[in-house]
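Okay, here's what each chain looks like letter by letter:
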Amino acid sequence: MDPKLKKTKDSSSNSANSPDSTHSSFPFPDEVLERVLSLLHSHKDRSSVSLVCKDWYNAERWTRTKLFIGNCYSVSPEIVARRFPRIKSVTLKGKPRFSDFNLVPQYWGADVHSWLVMFAKVYPFLEELRLKRMTLSDESLKFLATSFPGFKALSLLSCDGFSTDGLKAIATHCKNLTELDIQENGIDDFGGGWLSSFSENCSSLEVLNFASLSSDVSFDALEKLVRRCKSLRILKVNKSISLDQLQQLLVHAPQLIELGTGSFQQELTPWQYEDLETAFSNCKNLQALSGLWEATSLHLPVLYAACASLTFLNLSYAALQSGELAKLVAHSPNLRRLWVLDTVGDKGLEAVGSSCPLLEELRVFPADPYELDLHHGVTEAGFLAVSHGCRKLHYVLYFCRQMTNAAVATIVLNCPDFTHFRLCIMNPGEPDYLTNEPMDEAFGAVVKTCTNLRRLAVSGLLTDLTFKYIGKYAKNLETLSVAFAGSSDRGMQCVLQGCPKLRKLEIRDSPFGNAALLSGVEKYETMRSLWMSACNVTMSACRLLAKDMPRLNVEVMRDEGSDDRQADKVYVYRSVAGPRRDAPPFVLSL
Amino acid sequence: MSPPLLGVGEDEGHSNAMLLASLASLERMCKNGSDLKEQNYMGLSDCSSVDSSNISITSKDNSGRGLNLKATELRLGIPGSRSPERNSEPCPLNSVKLDEKLLFPLCPMKTVVTGNKRGFSDAMDGYTEGKDISTLEVNLTPLPRPSVNPNVKVGSAKEKPATQPAKMKEAMSQNAVEEIPHNKSENILNHVNRANNEKSAPATKAQVVGWPPIRQFRKSTLASASKNTEEVDGKTSGTALFVKVSMDGAPYLRKVDLKTYSAYQELSSSLEKKFSGFTINQYASHGAPSKEMLVESKLNNLLRGSEYVLTYEDKDGDWMLVGDVPWEMFINTCKRLRIMKSSDAIGLAPRAVEKMSRQKIAT
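Those protein sequences? They're chains A and B, same order as listed.
Here the first sequence is numbered in my numbering, starting from 5 and rising by one per residue.
Here the second sequence is numbered in my numbering, starting from 637 and rising by one per residue.
The hints are simulated quantities; they were obtained by calculation from the structure and are not laboratory data.
Since the structure is predicted, the reported quantities are computational estimates derived from the model, not experimental observations.
Built from N, CA and C at the ideal position, the CB exists for glycine as well.
Please note that the accuracy of each hint is not assured.
[To be verified] Straight-line Cα separation of at most 27 Å, DSSO-like style, residue types lysine-lysine; simulated pairs:
1) A:Lys331 <-> B:Lys910
2) A:Lys508 <-> B:Lys855
3) A:Lys351 <-> B:Lys855
4) A:Lys331 <-> B:Lys971
[Unchecked claim] Here's a subset of chain A near chain B, in silico, CB distances under 10 Å, partners left out:
5) Phe102
6) Asn189
7) Ser301
8) Leu302
9) Pro370
10) Ala371
11) Asp372
12) Ala461
13) Arg512
Generate the whole structure from the sequences, applying the supplied hints.
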């Protein structure tokens, strides 16, 4: 951050809005100030800038073009419209993260429509909209497509409520579309006709991702689209695209930087095989590769030529065995990010450790999450192997069935730079399988050693000790996910009292009760949100919290048939917009 | 042990007296209390007590025998704890089995096996501290409270109650106990030690909503993907027998499911189709077949007359000519197939074929 900005922020923090103090000491005319501030892009920096003084607040609001709202209910469209007059790009996040795992009922809210209506009024030149965990209908999509003539980029991640008809509207009306990124949404797939709705004149696409849609698209339409969009750099197709079709696409788009293949299983003639190999080797700019559904050792070798430049390999939909992965990573020495399924086993991960010294991020997903047999999947050995070979590892998401405290301690010694440590021992409450002790020491080692830790997800058998460690050592922690852990209120209290940078705390099925909830009363306004479900919180405590903290929204959802006093799901978040006005009946705003 | 508490479970429909007897015997049996300690963990011991003082099970050690007693007696009053195959045999001699069934009624809830040796008491502490008494009471009384925790999905076929008793018995014998909390609050108490158990017995487990934390899209994609993988690898026992087929000079191998054929002829014509791309186009006319190859084996003839010989590797690792043994035997011993160039197979086939022909002549 610009040191000058920092200095002024510190000195003026006491007189943030006093009108006379700063005007004379800053000889810059507004235009200059605005020019300088327009170079700032990070919304955190911009927030800091806006706190300096009124002039800076104004300059900042006039120059902000990208809006980031981490919780759509923390602010209202009206407030946003009043403050920021010139927004071109909006990122909106809605539901609590646990909605990804079916813990939030349908029709909970986070509907984007009211935002779109406001945007149409105030930001007619809106170009980008990125939504995460929001609900949007086909009508909203149609409204979006027709209300903003300059609209360019739409990205929908983990959203729901719409269908391919909405996509059709986007394809039809957005003449300057550069980005259409549809990921993992609860979407009604009525067919692939939407793709054919792109006009023949549309040649501006740079990003097209429809990998998570299931129905067939017209290959002819797709091919023509790819052919005329010369700036296409990210193309991720869905399973309906076969290998030989992929080859034809690649021939038209060798400039691709990111590619998501379709189905990777097909009977090919030898020439088709060779052609495919050639097509891949011609993609000299390929940095990221994904898709690869049903990939087997039969066809993986066509990728080898392209692997040399790869920095991101997403094999999380390809159930590879250890040998197949080993061969693939042997050709990919520049990998920075790797996502795999646990079918590769510890052996596969050993190969990763020895082949990818530059690896920074590893995600291992379970191929069969409900399988209890320990002989499947990965163990602590695989993680250890990666940590030995990949010292730069700083992001890990690891699903396993067994782990030991000692292994984790060694892992963080090998890789002390973890910023994101998400360990999921799949059986709730599973102890260290060698010593039968809780996994407290493992996470203790993580927080003690990894001083840059920003995100932590804990699992396994954990007592309050884990949380004491977290509170004591995790001074940079921003996001904490807890499930089936802890012994008493003390645990949660330690975290709330000890982690100064905590922004998101999500807890499920843990024995934290009213005392714990209320101990954070001063803290929640500094956080984005708190989620507690299946804990020991009662309605009375929630009401107390709501009463004491008017700028917090305290919302409770009760499970069917549960006691009136029990607050089964509690969602607490700071808001300047007051309680929700669109809450469905099952959401109680206290 | 106060009999009145037993009476709370009036919807149980079992003779309380019998239960009393069995409980008493259980106590006698488990003198060391180690087994009962685990049972003790069940929130039932806490929540079934009507007055809060019982919830003072805050002792940091699992030593209280009194807890064990409470655990056994209080467990009876759980509403919704019907088990479909609940065995009403009350005989104390069957105490282990009986205890399991009565004391751990099988309801389609989350079942987690508990262990000992952990800071369970810690879990219980936390559990009890913030707990509303009223909720605990609800656990006792036969109120119209759904016995299924809405957060808990009924388990898949793996968790059929019928299989549980056996598993539970095993669990018991391995010093661990299977828990069946029927209240989401009891989910908290499911931090339990299954370590020992897991390795020995494929434990049954109901699915917990949203756990493991995987997005829906990935879950459904993987579900279908794993089915495919299983079929391809022949992991599904008995329904497929895939073996690799390599052909000299081809860039990649194929796999065939031997079970889909019933005779050598079918196999060879299928292979012909699969590898036709190579032979027809790349290895067309290569001269007259060597006479040595044209002997005896009908299969060889089928394989484009002569250029190639179909061989297989058997269980002993030897490369054999396909066609010698009866089909059934062949399926059982074949590990992989190789379509060899006849030139490579000179050492192999002729001798085998000659030997066979000599044998035929001899017999």
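Hints versus structure:
| no. | hint | verdict |
| --- | --- | --- |
| 1 | A:Lys331 <-> B:Lys910 | holds, 26 Å |
| 2 | A:Lys508 <-> B:Lys855 | holds, 25 Å |
| 3 | A:Lys351 <-> B:Lys855 | holds, 24 Å |
| 4 | A:Lys331 <-> B:Lys971 | holds, 23 Å |
| 5 | Phe102 | holds, 7 Å |
| 6 | Asn189 | holds, 8 Å |
| 7 | Ser301 | holds, 8 Å |
| 8 | Leu302 | holds, 5 Å |
| 9 | Pro370 | holds, 6 Å |
| 10 | Ala371 | holds, 6 Å |
| 11 | Asp372 | holds, 6 Å |
| 12 | Ala461 | holds, 8 Å |
| 13 | Arg512 | holds, 7 Å |
The structure meets every hint from the earlier list without exception.
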